[in-house]
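> Going line by line, the protein sequences match chains E and V.
Residue 150 in the numbering used here sits at position 150 of the first sequence, and the numbers go up by one each step.
Residue 260 in the numbering used here sits at position 260 of the second sequence, and the numbers go up by one each step.
Hints in this document: simulated from the structure, not taken from any laboratory.
Beta carbons are placed, not taken as given, at the ideal position from N, Cα and C, and that holds for glycine.
Simulated restraints, written as ranges between beta carbons of each label pair:
1) 5(E) to 230(V): 32 to 38 Å
2) 32(V) to 67(E): 24 to 30 Å
3) 9(E) to 20(V): 22 to 28 Å
4) 33(E) to 312(V): 45 to 51 Å
5) 83(V) to 5(E): 21 to 27 Å
6) 87(E) to 194(V): 38 to 44 Å
7) 10(E) to 163(V): 46 to 52 Å
8) 87(E) to 62(V): 36 to 42 Å
9) 68(V) to 4(E): 37 to 43 Å
10) 140(E) to 70(V): 49 to 55 Å
11) 189(V) to 140(E): 50 to 56 Å
12) 214(V) to 139(E): 46 to 52 Å
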Amino acid sequence: MNNKQLPFAHLNLRFNPFGELTREERAATAVVNLNDIPELHTKDRVAVQFMGEHGRGKSTHLIALHKQFKDSPYTQIHIGDKPTFNKDPIQFIDSIEILSASRRKKIYRSTNILAITTHNDLSKELQSAGFEVISKRIFFESEQALKKIINNRIEFARRDAGDLPNVDLNTIRQLISKFNDDVRTMEHHLYDVFQNLKEIGNVKV
Amino acid sequence: MSKCDLRIELDRAEHLYKVGDTVRCTVYVSVDKPVKCNSLTITNMWKTHGKGNKDSETIGQQELFQGEWQAGEYNYSYSFEIKEGPLTYRGHHMNIDRYIKVRADIPWAIDPKAEIEYIVDKGGDPVEFKPKSDFEAQLHAELNSNSIDLIQLRSMIHDPMRYYKVGVFGSITALVIGGLIIYSAFFTTRGFGDPIFGTVLIIMGIIIGFKMIKKKILHGKIGRVSFEINPRTLRASESVKINFEFTPNVDIDVNKIAFSLVGMESATSGSGTNRRTYTHEFHNSELELTRNGLLMRDMPVMERATIEIPHDAPHSFRANNNSITWRLRATMDINKSPDWHREEQLEILI
Chain E
1 MNNKQLPFAH
11 LNLRFNPFGE
21 LTREERAATA
31 VVNLNDIPEL
41 HTKDRVAVQF
51 MGEHGRGKST
61 HLIALHKQFK
71 DSPYTQIHIG
81 DKPTFNKDPI
91 QFIDSIEILS
101 ASRRKKIYRS
111 TNILAITTHN
121 DLSKELQSAG
131 FEVISKRIFF
141 ESEQALKKII
151 NNRIEFARRD
161 AGDLPNVDLN
171 TIRQLISKFN
181 DDVRTMEHHL
191 YDVFQNLKEI
201 GNVKV
Chain V
1 MSKCDLRIEL
11 DRAEHLYKVG
21 DTVRCTVYVS
31 VDKPVKCNSL
41 TITNMWKTHG
51 KGNKDSETIG
61 QQELFQGEWQ
71 AGEYNYSYSF
81 EIKEGPLTYR
91 GHHMNIDRYI
101 KVRADIPWAI
111 DPKAEIEYIV
121 DKGGDPVEFK
131 PKSDFEAQLH
141 AELNSNSIDL
151 IQLRSMIHDP
161 MRYYKVGVFG
171 SITALVIGGL
181 IIYSAFFTTR
191 GFGDPIFGTV
201 LIIMGIIIGF
211 KMIKKKILHG
221 KIGRVSFEIN
231 PRTLRASESV
241 KINFEFTPNV
251 DIDVNKIAFS
261 LVGMESATSG
271 SGTNRRTYTH
281 EFHNSELELT
291 RNGLLMRDMP
301 VMERATIEIP
311 HDAPHSFRAN
321 NNSITWRLRA
331 TMDINKSPDW
341 HREEQLEILI
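Using the sequences plus the hints, can you model the full thing?
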């Protein structure tokens, strides 16, 4: 019932790479391109919005950007939440569209730099609140990008030097044919695959 | 920028310890230039990992050094006795592991750190309940004890007809209000309420009503069933005794009476409405009673059974997002009647 060995040592890993990560771990494993976002520290009244479907990486982008503003608050909002925001002029808000329009306007008034994730484009209301808006739509970029995301997660779980399980392009194509561009669902599937993986090699899905 | 590398070595190559053992480790520090260290801190902790949000708890922490290192190698010894849980656990959705972490607080630099896992298996020594998770397990164990008040309370809760009247009232109320909303929406000019809400109420009323009818039929046939287990708190390899009694109100044809010992792990990921719980049954052993067939009206059925907890059963564990629970489930498959079942929770100690 209880196999007492170091976890995932047979795969040269410390844990299942596709299990739940903390926010810090997600920041460390994020494969994102933020080159098109200008230096924000020197800006005034600027809003960055990451838009896209569920499971495409909006939150990962926001978390990665937050690494540059570690002292600023990061608020994750869920339906039914009534979060409170401090007076910090820089705010990171995940799923801001859950808040009512009036609540959002209140935040816009008290914020100087705002970074958000949203399913809907909020640029009009951000512009009317006086923000310069930088919008980035998050979508599936390429098979190579997905391969990098997945193998980066595996690398993060590395135990020692040496080989690791490898997800090659063929497997990536199979994942895309099964789950389209929903990276989160792919990760859930890969969790189960890695639970049952017996040895290091090419991962089959 | 000076280089400061940390490394931890355990006294056992395979990292395997039992409760009661002393873990001895050495922290090696290697620096290439003089460096000031505000604090070199070592932490003994447990952490879950898997499909759920991570739970963790610090068991012990100690400062090993404070001051300035000159270029060279240094080593610091640290040891502790394992007196507490949780034990190492490998599951499908969750794992529990123990870690020793060391971190050097270097001013104006990214703090170097190192981590090593160690495995804790069952041992002969009794376990002190120190960490919060163990304290909660202890509390549950005490709550599950067989005090007379608690037995009476459980007996009241398990009265199958206790909520019957409330259920019937709730079902009728939901049907009437739902029906009025639908009627007003479609057959009057001044409708009130949302027809979708009315439909939901009617569906709820039907479901509750169906459950109450099922309960009434079952109670009419088998009456009140006594399902007592003792002890409720035990360790692996120990046995739990089951008392199962009822007196049928009518002749019933029983296909099967069985008791199942079920071990379940649960891991919750996300939060708020994104919260999702994954469960996995890692153990299910069934003991089927020989008594089946026709059970005569007014003839008491009294069964005694014993189930042994497997020797390698993981102990009960409860943290914010992850848990290991054990239950004893009694089921009675009755011919041409709804099945009867009930569950009682067990606490498996380390």
